[in-house]
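With the hints as a guide, bring both chains together as one complex.
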Amino acid sequence: MTHRLLVFLMVLMLVSTLASAQRVTPIKITESFAQQPIERVLSSIESKYNVRVFYNPDWVRGIIISEQANDESLTDFLNKLLGNVGLKVEAYDAANLVVLPTENFNRNVRGADDTAVEATETVLEIGSGTGVAGRVATLSGYVKDGRNGETIIGASIYSLENEKGTVTNGQGFFNLEIPTGRQRIRFSFIGFEDEVREINLRSDGAINVELFEGVVSLESVTVTGEAPDENVRSLDMGVEKLTINTIKKLPRLLGEADVVKSLVLLPGITTVGEGAAGYNVRGGSVGENLILQDGAEVFNSSHLFGFFSAFNPDLVRGVSLYKGGSVPADLGGRLSSILDVQLREGNYKKIEGNGGIGLLTSRLALEGPIVTDKTSFLVGGRASYSDWILNRVDDVDLRQSSASFYDANIKISHEINPNNKIFLTGYSSQDRFSLASDTTFNYGTDLASLKWNHLFSPQVFLSTTATIGNYSYDVTDEEGLNQFELNSKIDYRSLESSLEVDILDSHKLTMGVKATLYENYQGDFVPAEGSFNLTQVNIPKEKAIESAAYISDEWDVSDNVSLSLGVRYSDWRNIGARDVFLYQQGVPMTTGSIIDTLSFEHGEEIQSYAGLEPRASLRLSMDASTSVKVSYNRMRQYMHLVSNTVAVTPIDVWQMSNYHIRPAVSDQYSIGLFKNFSDNTIETSLEYYHKDTRDVLDFKGGAKLLLNETLETDLLQGVGRAWGIEFLIKKKEGVLTGWLSYTYSRTKLRAISEFPNETVNQGEFYAANYDKPHDLTIVAEYRLGKRVTLNGNFTYSTGRPITAPTSSYSIGQLRSLADYSRRNQFRIPDFHRLDISLTVGRGFKKARKYKSEWNFAIYNVYGRRNAYSIFFDESSNANKLSILGMFPSISYNFNF
Amino acid sequence: MRREMNKIMKTNRFWVSSLVLLIIVSSCRDPIDLKFEAEDPKVVIDGFITDQFRPQTVRLSYSSGFTEEGFFEPNPIENALVRIEDDQGESFDLTHQGNGLYESTSFFAEEGKSYRVVVNLESEEYASTFEQLPAEAPQNATLSYQAEEKEELSGNGLIVSDDGVGVYANIAKSDQTVYYQWLIQEWFIAEAFFSPGIFCYVKDFDVPRVVVLEDQARQEGEGDSYDFRLGFVPVSVKTKRDFAFVANQLILTQEAFEYWNDIKEQSQTVGSLFDSAPFTIIGNVFNTNTDEAALGYFGVYRESIGRTFFSEAELPYPITDYPCNPPPVVPNICTDCSLWAGEINLGFKPNWWR
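Sequence order for the protein chains is A and B.
Per the working numbering, the very first residue in the first sequence carries number 651; after that it's consecutive.
Per the working numbering, the very first residue in the second sequence carries number -12; after that it's consecutive.
So here's chain B without its partners, still in its complex pose (with noise of 0.2 Å):
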């Protein structure tokens, strides 16, 4: 209904002459010069700590204004003192990593103990309230995936179908309500053209999502599970030799999944006549000192680890070769598979790979 709302306010920038009217169709859009931009920059606290023996991160940072041309500009916290409390006293402090990343190795989160995040910088303290494992759920991501053609509507009103690769994660039902949130990884093989047979493992930028499910107790419907589609992946040279979509599966609390899909309904907002009202999304950080709430939000999850691998020889795709030129004097990707653009790119396969 929203994507069927937003389509529908997508029209513009016209001006009909004289006669004008219609309305919303034939209303007219202008940039207009107003500031309403914050005086002092939030702390942004953003991370969790999860059941499993693993590095715990949280990530710190200001917000920004915005510049001339709209573009964000990331505002790292690098010289925060950050450590997780649990409610027996102890504490555990995380290190920076650089870049506003702060962690620790040395602890998981434990049943019925509760934790919370202290971030001490400059002369203010921020501080998340406790949070506590959620109920114990089946847990364990099983993922699958089926070669699909996702059609769409494009700009010009044409129907344009992609084939590509549905991801799904297979929910048991349960008696009580369980929250999910999966953060995926998109990994794939990069194979310079003209050095066959030396293969880099590229993790792919993220995709800007928030996959999050509501998994209401007592599910409807047959069976004792059901699969809820995670993501699509397109076909392309990526996916020719062996694609992970790895998925840390997360279960949430109630409070925590609201916040998350708050932001997930944020973040699809177009700005139409017919879009809810943009609102302010509070979490539970906050400074100590004067109760003001902090952006972000502190979590303490259940956490399981789903993959699924396939490549051109499992799709009824054929997939068409990288356009590679004759080998220039300018290393490329061409020609080094090293530098293929991505968050990590590694030489060697990860030891978790099929």
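The shape of chain A in the complex, shown without the other chains (with noise of 0.2 Å):
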């Protein structure tokens, strides 16, 4: 494109200074063009008339015409034809044409500045009838990228002159309903130039729009993925949504740009330390997030215990997390949040490569189209080699050691139809470590999915999932005198469908079923032969069906008011085959107090549950640029995370609902102020939420959960108490951006039995292992350069609750015994720590066809060794376990 307008200008130049006096022999043309984009019309002229049009493409993109010609001078005919949208032709000679602005074109439109909003264009026709003033029509279509054809989530789509909007879905698909008539819609994307179209709106009628990415991509990045002034505009309240964009910007750990741990700079969001698997989302555990990936249900979202993501982040398009304010009835099955990844499609015209290289992993991804605009492909991975380092290190233990992981991905989209099309994607993760040679822990996530989204009318999309998947784990000894293999697995299988309908005036309803059949098998411990006191175990598979139907409407009920309300209906069937053990009733729980075993048959119902969802929100506009939301929401869950540990390990249990184990519910109440200043480039937000949870699984003092044949003894069912007070502030334009979250929130469990030496501190509230009130994280970005950006982000949070020894006493033949505080009765000091990394980038022009970036960054900028956990020796004096001084690392990223 670089080449065209250098020659354009050069032609320009040339006009310019020999000026138009030419007379030039016209030629005659015949023609009739329906709407097509002005660039094919060009085009196919220039090949049918053998002449050459020389413009500026960025003028005319996009724009859609219908013009006719009946024997009319080729000039004469592009006139008319241009003239529309403020530009004219001149001959330059009898075979090149030179398009130019008139006074009437606005030339700072396009391409300088993307949010200015565009004004003179074609008016396309949509629909047909006359548009009687005051009626409603819906307009939909798709939104894609224009490089590569993939269709773009949550670009906006709003009408200028009636103020409405909405965003494109999963599929990219939009849906808008507005008066007809005159007016200007403006399409929009992170990272991409607005595109302004002015349409007549008669009766309902589809659009396609492509957009293009901004001229430098730097420049055009901001920190939201949606309208200025989406958040004040939307339903949305307890969500984050965060484009690629936005997470490769912050600094990196181990020079890779991670979703997870940028989620954790978000209000609301923490984890129990750095390196710690997993995240705690408004007071829940680590076992109450749903992670999808493309849909897929993913166990364990880190591969080496949490430095780094699941998520490969060459292929990730953007990430929302729900955090159970206002989840869409589409999704549940866990408590406090739903984490939703999307990854990218591949590009529909040409083959790209992208990847990076880091001091312990490597990533490279790599796309294209299978049949151009029609198929595409997209496959990527990223591999470890961390051991070197291990190698190293002067030090036996560390040097048996070994810890590495990959992950792969592939994705291949097909459009059969403009109405129908299909994914089908595969995931493959594994991790193996491996301490002091002897002992190997393995685990690893396999999924596949196949998605087909079918178009039955504008007004009427279909989505269909089907998917497989599975997380295993298995721990070996291959050495010395007790070898074992400890083997574990989840699998699960699942088809969903949903329904999105647009045909009631103002109302999006949603509607959907969905079906899993989970097989938990908690684990196999085999002694190799010859093992010196060890005996097998094996717990029995548990099986379980979880089922569920949701519609909702996004109900909007004036200009000022809108509603969304929606249910879920949850169903969950333990099925057999198993053995249920039964206890005496009476007296605590325990393998001694077993009764009887009753025995179900394959496929057989042992227990079922089943529940309503109901989820609410609403918002009230008090001006354009303030909004006040509330929602109510209610989750259920029958899958549970065991863990007593004080980091989630990948080896921790996950337990069914089941016989003894009942489904935890959560009921979350939260009001929001939504306010944006200065022309929507500061966003504020103030959240308060509230949430009670019933029948979470806590765990007994001294709980064995790993290779327990009856768990259930050892666990207790609580009730939760969270609430909390999340405070953002936004700059999402300027030289410096960045945002200031803060957060004070408190989680409080508590867990009786009806065996008060079981109940957990005396029966009253405790304070949650990841209640951790202050939270607080600053993140900025300083451009110093249209390719160098500094990056920094602090945070600071309250130290994490922990058991401690408060006095030793002696007892029975043991001389001294610590006496530990109640649960989680102390802190460990408080955590904060400083990042900062500069990337430097190369070719981010447009058209240059290998990008490149180095990226340096420091972890830990003044080296605080943040306690990671405190644990106790055998004379009870406390030991600080840091995981991570200061850390520099260097990445090169690559693009092709």
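No lab work stands behind these hints, which were simulated from the structure alone.
C-beta atoms are modelled at their ideal positions from N, C-alpha and C, and glycine is treated no differently.
Fair warning: there could be bad hints in the mix.
[What the hints assert, rightly or not] Calculated cross-link-like contacts (lysine-lysine; reagent style DSS-like; alpha-carbon spacing at most 27 Å):
#, chain 1, residue 1, chain 2, residue 2
1, A, 1000, A, 1501
2, A, 794, A, 1382
3, A, 1354, A, 1398
4, A, 1354, B, 160
5, A, 1382, A, 1501
6, A, 1354, B, 251
[Unchecked claim] If we take Cβ atoms under 8 Å as the criterion, some of the chain B residues that face chain A in the derived model are:
#, residue
7, 24
8, 51
9, 170
10, 249
11, 252
12, 264
13, 266
Have a look at this one:
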């Protein structure tokens, strides 16, 4: 394109110096063009009449026209054609024509300022009839990336005259109800130039738009992936959305952009410590987060104990985290949050690749068309090579240790026809680490899904997904006296169908059904032959079907009021074959109090649970930049993660709701105030939430969770109470951008047994493991130049609660035994850390083929040794375990 | 499994240069000045009565804070009034024997009665819940031993093996779940190298351990009984002559077992990331005024005593003598067997000895 532009400019100079004195024999044409982009019209004329038309493609991009010529001169026709857009054509000679702007043309509109609104364009007639004033019609269509044909999720579509808007759904499809008549529609998406189309909407109709990346990508990156005032205007609350661009701008640990670690910088989301797997959302445990990658459930979101997340940043399009405040009814299954990671589609137009090289990992992704504009592929992989560092360390144990992981993705997208699209995705990841060479841990995820999107009509959209997946781990010891192998696995298969219906004025209905079959193998422990003093343990398989049906409606009651109402009905059936132990009433549940065993046949129902999950949210707009939102959400969770260690480990146990274990239920109420300042360039929000949970799994003192055949005897089901205030201020434009978030929150649990000795902390509410009241994050990006950015983030949070020995005593034949405090009575020291990074890019010009960047990062700049865990030695002296001191890293990322 | 995990986590003390990372392994441990000490010491009531006619004892102490070095200092309670009450109004006073040990020889636990301990200490009163003898069960302790090698992973990663003796209790299978605890004493005969023929009978210091077993109803496996390993005695000069492994076999109630099992688990925690969270172990003793839990447990158990003896002659391992140089001027264990350290050192043979 640069090439074309240069030629154009040269020609333009020639034209102006030579003046347009020459007379040319006019070419007469007879043509009819209906609803075609100007570019296509011009190129067909070029080839048909053997002329060259020089023009700046930015001036005409995306403009659709309808025009006829009946034995007219070519220049007259082109002037008629282009006159609507404020352009004219001059003939340089018989074969060369130059398109020039007239005084009506606003040349600043395109390419330079992507927030400006373009005024002059061809009016596009949509629909038929006369478009009676006051009637409402539906405008629908796809928004795609003009560079590769990939659909854009979350692009915003906004009628400037009618002040109504919507965003594209997960398939890049939108549906907007607006009054008929002439109006300008703005299509926008982060990192892309805005596109404004003037339309005359007569009746329901479609428009497909391609957006193009900004001329210099860096300049157009803003912090949000939404319309400038999306936060105020949408019904969303308690939702965090990050595009991969934002994620990539944050300082990186170990040189790699990371989805999960970016989320932790947002209000209401914390982890128990650096390097801990998983995250906590609004007072929920790690196991209360549902993680979806392109709709498929992922049970472990981390590699290497949380230092890397399971998602390859080069393949991610964006992430949405629903913090339980207003979760759409089509999502459910966990109490606290739903993390939806969407992967990109492969490029439909040309082969592309990108990747990165870091100190510990490298990545490579390739994508391109299989059939241009029809079928595309995207494959990507990551692998770590951390062992070389371990081998250099002067420590025998470490030299014998190893830790590594890989993951690989594939996604094939195929457009059968404009109304049918299918996606095939696959994912496989594997982690392996061994310590002091004798015990090896392996864990991995495998997923495959097939998705079919079908458009019955612009208003009726069906999406069907079939998924299979599993999460498994094994621990093996192949040396020494006690050799063994421990295997555990969760398998699932699911089918979901969801229908979006947009036929009623100002209502958007979503409904669907989903069913998942889970099979849980908690563990098989097999001692090797000749092992000393080890016994085989096989925990029998557990099986269940979770199914759900949902319906929700987004209703724009008036311009200032919108309401979202939804309900999800979920059902859980624990089925055989399995033996269930019955315990004696009136005494504590132990293996010794088993009085009977019930045997269930294959497929026989053991226990079922079901319930409604109502969801509602309401938005009231105070003025154009202020709104108040309130919401209520109920969530039910049937699969529980049980952990009594400091951090969640990859070998923690998942426990199904069954004969003895009930599903957990949470109710969250939230209210938020959203206000934007300075023309939507500064966003603020203040949200308050209160969450009550019941039947959350807690554990008795001294519980053994791994390989426990009667796990129910070690568990209690308690209640939780969490509340918090989240404050966020975001600056979205300028040389300095970023955000500050502060959360004050409390999370308390209570677990009562009918036997006082099993009751935790005498039945009083106690602080959860992840209760960290103060949580402050500052994220800043300072643009030093077009290609150089400096990023920094600072986090501070209250220390995590711990249980500590307070004294010691002698008992029985033990001379001294620590007497521990009540559960989580004390806290470890506060956590704070500053990270900075510098990114230097090369070749960010739109046209340059090979782009690359260097990233230099320092994690924990002032080297604070934050306590990851406090533990106590034999004499009860406190010791601090810190994971990382100051850690510099460098990485190189490229794109071709 | 737990042992494996612990082993995994016992790496440490180093600091990988600038390229650090590896997680758990490369992390660093520093002592940290954090004090979580309780403001007031807690009362510990530790004792049980049995169905045998023998001294019934309860030991009272205060829990202690930690010294600078982290050593535990015993803190006995010597000014309390202690009595055992049954549910039929009878009460037996225990008298202080020194060092916080209170004792009575005038009664034993009877079938069908419930007992509790009541402690009056200054203005406070502590008591246990009422406890009863557990259901009758096959209870006569029979011990056996066998020579075996115990292999262990030493600190430097090498496997070392110790020659020794494994001692086993024979457990008769039962139709109901039986909870066992064994209080183990180890006795040996000391003989001074330069005073041969003079023997002392020494009770060794207790190995700090809790030995409990939940014998599940209708235990699987062949036969009517099985062996449960109580302990391992490495061969040494102590096993040259008769070595007595004495086990007071107690049959516990389920609650008592849970308590002692928790104590056992807690005593084995090493504080790794994979360890389960430590917790407060609550027994059955509490302050009657405030209802606040005290530490410890008061049990009512069935008791039987099992003993097994072995010596060099019965073992396949030859024992090297204790190295003694020519007799020095100062008396020591090479010249006088009564100087052997132990909890008890008798100059005569106990009447239960073989």
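**Unsatisfied constraints (hint numbers, rising)** = Per hint list: zero violations.
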